[in-house]
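Undergrad: With the sequences and hints as input, model every part of the structure.
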Amino acid sequence: MKYYRSHVLVCVDPECLQKGAHELVDALQDELVATGLIDEVQVLETSRIGGCSLGPEMMVYPEGVHYVGVTPDDVPYLVEEHFLKGRVVNKFQMPTTKVVDEELGAPTQKEVRIVLRNCGKIDPENIEDYIAEDGYQALAKVLTEMTPEEVIDTVLKSGLRGRGGAGFPTGKKWQFTRQAPGDIKYVVCNADEGDPGAFMNRRVLEGDPHAVIEGMAIAAYAIGAHQGYIYCRAEYPVAVSTLNIAIQQARNLGLLGKDILGSGFDFDLEVRMGAGAFVCGEETALIASIEGRRGEPRPRPPFPAVQGLWNRPTNVNNVETYANIPQIILKGAEWYASYGTEKSKGTKTFALAGDLNHTGLIEVPLGITLREIIYDVGGGIKDGKAFKAVQIGGPMGGCVPAEYLDLPLDYESLAQAGTIMGSGGMIVLDEDTCMVDVARYFMDFTQDESCGKCTPCRVGTRRILEILTRICDGKGQDGDIELLESLCQEIRTNSLCGLGQGAPNPVVSTLRYFREEFEAHIYEKRCPAKVCRALIRYEILPDACTGCTVCARNCPVNAISGERRQTHVIDPDTCIRCGICMQVCNFNAVVIE
Amino acid sequence: MSVETKSSEKILEAVNAAIEKFGAKQEELIPILNEVNRQLGYIPTEAMEEISRRLKEPKSSLFGVASFYHMLSTKPRGRHVIQFCESAPCHVVGGREVFEALKEELGLEANETSPDGKWTLITTSCLGVCSVGPVIVVDEDIYGNVDARKVPEILARYE
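Protein sequences, first through last, are from chains U and F.
Going by my numbering, the first residue of the first sequence is number 1, and it counts up by one from there.
Going by my numbering, the first residue of the second sequence is number 1001, and it counts up by one from there.
Don't read these hints as lab results, they were simulated from the structure.
Since the structure is predicted, the reported quantities are computational estimates derived from the model, not experimental observations.
Please note that the accuracy of each hint is not assured.
What the simulated footprint calls covered on chain U by chain F, stretch by stretch (three residues with Cβ under 8 Å from a Cβ of chain F suffice, anywhere in the stretch; the number is not a length) [stated by the list, open to error]:
1. 80-87
2. 268-275
3. 349-355
Virtual Cβ for every residue (Gly too), placed ideally from N, Cα, C.
TA: Printed below as a string of structure tokens:
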């Protein structure tokens, strides 16, 4: 391996490409050749670093300097200052205060990065980068020093639980699959990350694909499998191509394929692509999809550990679960178990979204409180507004209100609060959010994604959506809340798979904590958060209106009347509640009633 | 010009290429359909019949698969397919306005193809690029931080 004193990683995410990332790479190469530094400084392409909105961007190692907004014209100056004179160029440095829009910033104090440790740091398309960060050492250790039972024991002791959502102990799952009778077994990685707003797995697949591959190879050794599949959703084309490159590189070095590292152990991997169906994240549906059938779930048991892919024992884990494994093997079960709570060990990645100052990816030890995540890691609520709720766990999760802010985050306490860990989506909602609208949004999603196989889910989610839509439209009826409650109960207990069983959660949790908002919609025909269009009215404050006519001229339906320099009036019957008048008024004279 | 349906020759060519690439096995059905869909823009009935014959799979189960997955289309699509991300993080940062602008600019509703065969407008589930929402995808190009004013300019880039 060639030695370089410095590495430049240029982000080639779509956003940065548009802003000229390839031109930047070319300019850097040319300038380094011209200055004779090409043997000392290596230019690499990487996925998103986190400042794409200010792009094109790059990281310079070993210093770890993050430059943004560099154009090819700036390159000669930058190369001279940074690489010849050794001075950091302040004007291109990523402004430290500007973290909005970041996907993965520098870790805050409360964060611990195990799964995300290499993301943004190594070139995902170069296996040597991964090996330099202790990559494939865990696989070597397992193959040469450990029996499969010892591997399972280590994973059991680490306390790692499935990071896909349900939180089943990973070691136990491996044990079941190992003990299941049969010569042919499979390992499958669930990379069908479909929860809206959750992109933790995409980041790992695109930023550190070998961690997943290594984790799967270790799992295969432990359970006695020789073939693995990564089922990746088709919405992630970059992840699929990064994985394919990584698999090929691992094969070339003998880390996948026949007789890995001379140990006699064979294992190979294949990437399978979905075709856009949320339910395929459910493990039995995923298996059906890999087999080339409709991605419909089937009842369990038999669990995949006994009867999975082509009816053979199959171990299905999520991307994040596998990515944890190499570190656990290398650093030991005790090290991993030192993070987290008694029953929920280790760390978890979350995608923070919504009304927060700092959104993006984080990785925190379990047991951290929601308050720490929202205020310390996420920087608090945007525009100084008040926190209302946080939606955790995706469309099958629930909304948790302010009284649970000091809840330590683990599988059990989240279940108590009426939600689930899920895959790690976390949408923070401020005081301007209508909870009925939120419940309606998620139900819209699940009824669309219901595969249609079982009736409670197929018909029930549709009925719930109709009722919620009716309530938001101001046509809620007496008895609607009770009807919702009984429907939710029916769907939860009678649906076939996790999608249907979890589908009522957003409704149940909002009813539990924000019942008065539902009542205000139904009985008072009022939307307290002033969101539902049918229940709000725009009005002009006579004292603030100067009669400038801007609102009247911009109104698309001519609902505003009034003479110049006279107070204007909105006709509520013509008004379509588009809100344009409020946006254009320079005097804050338009209000929502 | 109307929405283009493909000639038999082209269809056979696409099916042959896809089956050659993945092999005539039932487990490769989704990759094969994906590939044909990508080549032709949709999966014509003729293609379905040919795949059914080659894979020895009933047409009914093929249609079951093709109609199950959002990304596979059994209807002809326009030359350019616009996908609008309708997930929550894009929704809360102004996605709805972008979608309205798209519909107005194209004169189309979701899942419609323009009469001249140029555009098809569809919605997609989360693309995972939430930190630059709202997001739209035209063919294979991803556009982030889109607002309603940028829509005409983006569309103008396509012939």
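Undergrad: Are the hints correct? Go through all of them and say.
TA: Here is what the structure says about each hint:
no., hint, result
1, 80-87, "violated (count 0)"
2, 268-275, "holds (count 4)"
3, 349-355, "holds (count 4)"
Of the numbered hints stated above, the single one contradicted by the structure is hint 1.
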